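Chain by chain, the residues:
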Amino acid sequence: RVHGEYISKNIQLYSMRNGYELSPHAIANFTRRNMADFLRSRTPYQVNCVLGGVDKSSSRPAVYYLDYLGCLSQQPFAVQGYGSNFLYGLLDRHHRADITKEEALQLLNMCMKELKIRFAIS
Amino acid sequence: MSISEYNGSAIVAMAGKDCVALATDTRFGISFKTVSTDFDRVYKMGPRIYMGMAGLVTDMYTVSARLRFRLNLYELRENRPVAPRVFFSMITNLLYERRFGSYFSAPVVAALDPVNGKPLIAAYDCIGDLEVVNDFFADGTSTEQLLGICETLWKPNMDSEELYEVISQCLLNAQDSDALAGWGAQVYIIEKDKVTKKTLKARLD
Chain R
1 RVHGEYISKN IQLYSMRNGY ELSPHAIANF TRRNMADFLR SRTPYQVNCV
51 LGGVDKSSSR PAVYYLDYLG CLSQQPFAVQ GYGSNFLYGL LDRHHRADIT
101 KEEALQLLNM CMKELKIRFA IS
Chain A
1001 MSISEYNGSA IVAMAGKDCV ALATDTRFGI SFKTVSTDFD RVYKMGPRIY
1051 MGMAGLVTDM YTVSARLRFR LNLYELRENR PVAPRVFFSM ITNLLYERRF
1101 GSYFSAPVVA ALDPVNGKPL IAAYDCIGDL EVVNDFFADG TSTEQLLGIC
1151 ETLWKPNMDS EELYEVISQC LLNAQDSDAL AGWGAQVYII EKDKVTKKTL
1201 KARLD
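Those sequence lines, one after another, are chains R and A.
Just so it is clear: in the first sequence, position 68 is 68 by this note's numbering, and no numbers are missing.
Just so it is clear: in the second sequence, position 107 is 1107 by this note's numbering, and no numbers are missing.
Hints listed in this document are in silico derivations from the structure and should not be mistaken for laboratory results.
Take these hints with a grain of salt, some might be off.
What the hints assert, rightly or not - If you only want the chain A side, here are some residues facing chain R, beta carbon under 7 Å, derived:
1) Phe1028
2) Val1035
3) Ser1036
4) Thr1058
5) Thr1062
6) Leu1094
Everything numeric in this text was worked out from a predicted model, so none of it was measured.
All C-beta atoms, glycine included, are put in the ideal place defined by N, C-alpha and C.
Start from the sequences and build out the full structure, keeping to the hints where you can.
This is the structure:
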């Protein structure tokens, strides 16, 4: 939670200082850089993230996978944690590049149901 | 598995006659889980200088960003693109700064000398030991497989068509024997007048 607050407050500060909001790509890279800088300090973050956003100017959505070491990867979909063992297969099967919002929500529901059935810790 | 095998990678650079090629796999994984299958490991650092980075992905990003920063400052001050050998020294310096507490990522640079058009391949370890080779170099989790097949297939003075064939076959077959690398390949062929990038389909497993 601390890391999340740190990032979101810094993003707000940036837009206050510079007069424009950061794009998802910029925020993803900023967060990654932050994690990588702290990785070799005495207080590394142990946070795995999934970042998502829509770029205001181009209206392009982006999803990023960002792990606690600072490995960033833009993907069509991203999962973190033990659930990824179950969900990557499901998402690979059902996700398409031109998936609509309704289908995407249905797919997310499918994922949650899958976890409820197959994942012991829920 | 060691930290430099955490993400998995396969990089090979090969020299031909007045041309050089750099090929990488496109898998990004967390240990045995594959997260991305179209991951880019190659950075263009100059008109005829391409750098591929093997090893831990977070350090790949950090090192390439820091290198890009130094390169940009150099080019702004000098008002010209960097010469390959100067760039090679830049990398050595950056990596050796972390001699005790190193980055877990090592670059492989393929370049063409702007003066005489000869191929240059710079091989590093993670603390910046530079070796300029004139045949081939391989790095990543598939190093042993790559070195074996490169030793067999490489011959001097190949033209760019043959070089492309040889480097592609080397990478595709070597990464098939490696669980942590694969899922496709990107091949850059760097010649005096053009740079060609080809994306290859590999065994998807």
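* Given hint A:Phe1028 near chain R, where the shortest CB pair must fall under 7 Å -> 5 Å, holds
* When the least beta-carbon distance from A:Thr1062 to chain R is tested against 7 Å, hint result -> With a closest approach of 5 Å, the A:Thr1062 hint holds.
* Would you check whether A:Leu1094 satisfies its interface hint, that is, whether its CB is within less than 7 Å of any CB in chain R? => 15 Å, violated
* Hint check: 7 Å Cβ-Cβ cutoff, A:Ser1036 to chain R -> This interface hint holds because 5 Å falls under the 7 Å limit.
* To do: Double-check A:Thr1058 for me: the hint is only fine if its C-beta lies closer than 7 Å to a C-beta in chain R.
  => 4 Å, holds
* **Minimum beta-carbon distance criterion (7 Å), A:Val1035 to chain R** => Result: holds, 6 Å to nearest chain R Cβ.
This entry does not satisfy hint 6, going by the numbered hints stated previously; all others are met.
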